[in-house]
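Asker: Chain by chain, the residues run as shown.
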Amino acid sequence: MANEFPFEISPMFEGERVRKDDMFVELAGPKSRGFELVRAAALDEIDDGKFTLIGPDLSKMEEGSRHPYAMIYKIAGKLVEPDLEAIVERRNHDFQNYIQGYMHLNQRYDVWVRINKDAIKKGLNSFEQIAKATMMLFKNELSFIEKIEATYITDPDEVEKQRTDAIKIYEARDARTKGLHDEDVDVFYGCTLCQSFAPTNACVVTPDRISLCGAINWFDGRAAAKVDPEGPQFAIPKGEVIDAIGGEYSGVNEKAVALSGGEYSRIKIHSFFEYPHTSCGCFEVVGFYIPEVDGIGWVDRDFTGIAPNGLAFSTMAGQTGGGKQIIGFLGVGVNYFRSPKFIQPDGGWNRVVWMPKNLKEKIKADIPPELVDKLPTEENVTDLKTLKEYLEKSQHPVMQRWTKEEAVAEAETPSEMAAPGWSMPSPSMPAGMPMQFGGGGTKLNFKNARISIERIVFKGKEK
Amino acid sequence: MTLKKGSFVIEELENVQINIGKIGAKEEQIAEGPTPRPEIIGLRNWDYRILDRYNPVYTPTGDTCDYCTYGKCDLTGNKEGACGIDLEGQSARQALMTSIMGAACHSAHGRHLLNYLIKKYGEDFKIDVGPSNLQAPLTETIMGIQPKTIGDFIPVLEYVEEQLTQLIAITNTGQEGSSRDFESKALHAGMLDLLGMEVADIIQISCLGFPKSDEKAPMAEIGMGILDPKKPVVICVGHNIAAPAYILDNMDKNGLFDKIEIAGLCCTAHDMTRYNKTAKIIGSMSKELKYIRSGIPDVLVTDEQCVRADILKEAQKLHIPVIATNEKITYGLPDRSNDSVDEIIDDLVSQKQSGAVLLDFEKIGELVPKLAMKMGAIRKAKGLTALPNDNEFKKLVAKCTKCLQCTKDCPQGLPISDAMTAAVNGDFSLFETLHDKCVGCGRCDYSCPAGIPILNVIEKASQRVIREEKGKMRIGRGQIGDPEIREEGRNLVLGTTPGVLAFVGCGNYPDGTKDVYDIVEEMIQRSYIIISSGCAAMDIGMFKDKEGKTLYERYPGRFVKGNLLNTGSCVSNAHIAATTIKVASIFAGRKTKGNWEEIADYVMNRVGAVGIAWGAYSQKAFAIGTGCNRLGIPVVVGPHGTKYRRAFIGKPYKKDDWNVLDGRDGSVVNVEPAPEHLMITAETKDEVMPLLAKLCFRPSDNSLGRAIKLTHYIELSEKYLKKLPDDWHIYVRNEADLPVAKREPLMKLLEEKGWKIDWEKKKIIEGPLRKVDVSFQPTNVPRLCKEVKK
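Respectively, the protein sequence lines represent chains H and G.
When the letters of the first sequence are read in order and numbered with the working numbering, they come out as residues 1 to 463.
When the letters of the second sequence are read in order and numbered with the working numbering, they come out as residues 1 to 790.
Incorrect hints may have been included.
[Claimed, not checked] Result set (DSS-like, lysine-lysine): computed pairs, CA atoms no more than 25 Å apart in a straight line:
(1) H:K50 / G:K762
(2) G:K546 / H:K20
(3) G:K399 / G:K317
(4) H:K117 / G:K544
(5) G:K148 / G:K126
(6) H:K324 / G:K546
(7) H:K324 / G:K593
(8) H:K161 / H:K74
(9) G:K762 / H:K78
(10) G:K761 / H:K132
(11) G:K561 / G:K544
In short, the hints are calculated from the structure, not lab data.
Kindly produce the complete structure, drawing on both the sequences and the hints.
Answerer: Encoded structure:
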């Protein structure tokens, strides 16, 4: 196919690195300054496809030199809104890396670009070529962008000036993201992208719950739903609030049946025990109920040891996933620990009784400070006995549940279940239906029968 | 009264006889699917589904049958032979026999190891393969059990052996008459092969301390130039680690690693490095004859599989004693297992005997290093080699009359006489190129009317490149652990990983080893996950880039896009197939135990994995490929693969072949041909790359996945075949499926094909075969649908 650009554009070049010796110029990066920014604008403000360069162009740059570099895109369209800016901006990295001989690293004010000598030899001589290619990719991929224009800056003073403004914009955006919660929006987003592998899984993405894989947040969902409202990411109007703490909404429930192919009909977005959110299998962390201390432990994919309950990540992860609502195990992304609604109906952080050291380190800043030292890792405890001792010694808040449970147990009929309304699945494989002699059911008469038993298995210790 | 599910009370028993078969303390797991331990026709319905879409295509090398004394029978023109079989039936029977042979090899290897390891470690030795919930995915899917100890594999191999015996019986004259059923049985043998391999590798990983799902396994040295020929050299040839392990232990114990060089040829080498990372690798079977004739080995230790039949004859000429350590290959040598080590050494050193069968591993461990020390001194003093010296070489190349008989007899058709002419003028570069392309079979030696020992001449002329032949290979890691698969799930779903390509098989490449390197490098840069095993895994590590780095040094070994994994030896192939079962279990929660059909159906419709055996030569490679086919994984073989004489080819133009059901309601959906073929030959490197990209398409692809797959299909075709593929548009369901960088020009081409485009919205309005629906649940198995529409 004819190519209007003097370079190839393909995802093949995503992993391409431009080393110092092969480099024609370096733009922005740790030894210079730069940024990238996308801004929403009105349709009539934009001259579609226009490119402006402030400062010297590539052809005026010396081989081996380093320059400040800013890339500013203005986008417009009937569906374009400021909330989409960050989403579009992040794609600059992906798309620019498609360009052969052009390396784009990091994002925002940390961008770092290198162009290799071969690209120059093949005819790359202006930033206009880069900007045009990038704008073409933006418009192809994100169809809500009806008009786009780009301003690139290589003039040091101008980069410096506009960078200060850009940083203010990033800060305002972060404040908006952090301050946005489930109760602030009317619409959540559903994501069924992974149904190509996990047929009954669907993610409900809310401001307080990122998709399980960590790849799609509420803003991503919003952007994707604008590109193709009937696509795999779509709006779910919240509807009535059924359980604000657990995160149950009539709109979500209505969708649940269809999303799961009829597997389940209710979802409590933030619940561990009741109608929990499903997972496909790519979760980074699996939570597991520990009935002995009535708490929840979490173990991450990278932890190769054994949790206090005697099981490894893979064994427990194998109990959940596949788009099934399994009670007792819950797959989540690391980011969910940062949600202010983190398993809030189940006691939130107060219910968390164990996690591996590396995971704890990673999310330390998000653990309530008073709990950090009360939360044991594999360095403090090795089994259920030492876990219980540690929790007692450190006065972990989960202990309050122990007394409550005991009191309840005394007052009511004793129950085998550690929490009402649900049962623990066995972490080993199901042993099949037990024979229920003396129960109800149909009565059978066997006459002239031959019963052939291939094998009898004794359970328990007696032999 | 109709019986329903539930519990029942037995109120009365009258004249009831109860037979109890077995009483034990072990709890057996219960199969979750309908076909635990499938018998010969247990999965025939699934096979028919495969065969009806991917029709067997036969390329027989002859049109007669001479299997029995009725023959030989002329089967041309649809004639039947004396027993009633026709050419199609006979060809299918041939496929079955090939499959059985391969399956028997791996399973017998597994049986040998199982008996030995149980004797040494006991039946209760626990399985440990690394972080995994499904520890033995193939065993679980086929047998319906979850093995915990190595003893749990006893019934597994018993099953394989019993089934193989049944299958062998079927090949006798006067048995099966239907070619379709012969093929179904061949698929059964292929599945048994996967099972036998899994048993063999899991037990050796568990017992012998091999890397367990280790993405960071260390590097091993590989190549004909890595050994110090001044030291005594031990070379182990074959596939079975049992005997070499004892030699390595003895050398370790006695601190001999800096005194003796020890390396392997073919898969034994893989497992030696997995057992002890000090061991080294010479290369694939293609290097056997070349390396022996160099005269460098001082002792040859053979075990089983891929061992040349002429090793003893060749070794004798150069006074290299051969120690045969496995009953499968004994070369007519005396069994010295009950003799003392010193007696045997005396007889071998004095050339009283040219080799010995030795089945006692302890003795092998003690004898081989001792023998190497003695033989090394003697042989190096004599300078024994089959290669000509410089003067002889000059005379030999001058003798060539350019009759081209050697080129005619060469399996690769190499231009040997051109290289002879160049060498006469002192230019060895043509021979150096031949060295890489030559598979070391030695057929040319017999063809030369002037009596030139051609292989020796090639090797003599290539000494410079051989000395530099020093690569690196990441030691076999074993299985792919669950945590890696979980992590990669996101990339597979978001379309950043276009597919999983398994480079497997042997070294019978059509145009040299370098092709494998080139193909892998191209595809890995495109973010495909590359998994390798066996000789292919070795050859990938033989070449270096400008900076002197091999692909294993450039790309990490995790199951993540753009990574390069080596699972290990030939039997480690099982883990590659098993990974697709894990995907079904992890992401879709599919039950595995005794549930082959459902898993294979999932794999075929959803998992973009393709096997490529570019240099496949053996019956084993055929069996592995056939087993993968039954699991829904397409396989591509190199041009020599046509000599397997059977392929499974899809016909995109037969629309009805591509009807699948939507699992949500059982409705029929006509889909694009994906995967287009199940077993197919590619002729050239240029042709195979776009083909691999195409075979990664699956009906369940979401648009992100489809777009990236289509991007690479189109780009690879344009890059290597210099044209857009003829059928690219078939795989387009909407505009989001189009490669993002080429959306507009491609939409213009679609418009030219008569599709309707809304240029305002840049949307495709009319043209595609079907719409994208990410929740579509493609299946070929009616019983897996929620409700079947009447």
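Asker: Which hints from the list above does the structure break, by number from lowest to highest?
Answerer: 6
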